Amino acid sequence: MRGEDFVIRCGGDEFLIVLPETVGQTNAIESRILAAVSQWNTSHGEMLGYPLALAVGDAPVTCQQAVNGGSPYCG
329 MRGEDFVIRC GGDEFLIVLP ETVGQTNAIE SRILAAVSQW NTSHGEMLGY PLALAVGDAP
389 VTCQQAVNGG SPYCG
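Just so we're aligned, residue 329 is where the sequence shown starts under our numbering, counting upward by one.
It should be emphasised that the hints constitute simulated quantities derived from the structure, not laboratory data. Check each hint, because a few of them may be wrong.
As the list claims (entries may be wrong) - Pairwise CB distance ranges, derived in the manner of DEER restraints:
hint, residue 1, residue 2, range
1, N355, E332, 14 to 22 Å
2, M329, A383, 13 to 21 Å
3, V346, L376, 22 to 30 Å
4, A394, W368, 29 to 37 Å
5, R337, G373, 18 to 26 Å
These figures come from a predicted structure and were not determined experimentally. Note that beta-carbon positions come from the ideal geometry of N, C-alpha and C, so glycine has one too.
Start from the sequences and build out the full structure, keeping to the hints where you can.
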């Protein structure tokens with residue numbers, strides 16, 4: 329993660345990753361996240377007794393859209 333990126337816990341096992349200024353890069357970022365989870369499962373998955381799994385999606389939003397939507401995450 330870069331210094332300007334941050335993670336928000338939205339629920340019990342739900343997280344939001346905010347990645348400013350990443351237009352057109354989300355597919356590559358998603359691939360890196362999924363590859364890291366796969367690598368973790370290969371080297372540590374047996375500790376849990378089941379593989380770690382996740383679903384990934386993206387929703388590009390401009391700062392102006394976030395501000396208009398009342399989001400506190402964009403200044």
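Hints, one by one, checked against the model:
Taken as a hint, the range 14 to 22 Å holds for the pair N355 and E332, whose Cβ atoms sit roughly 20 Å apart. As the Cβ distance of M329 to A383 is approximately 19 Å, the hint placing it in 13 to 21 Å holds. Between V346 and L376 the C-beta distance comes to about 27 Å, which sits within the given range of 22 to 30 Å. Judged by the Cβ atoms, the range 29 to 37 Å given for A394 and W368 holds: they are separated by roughly 31 Å.
About 23 Å separates the C-beta atoms of R337 and G373, a value consistent with the hinted range of 18 to 26 Å.
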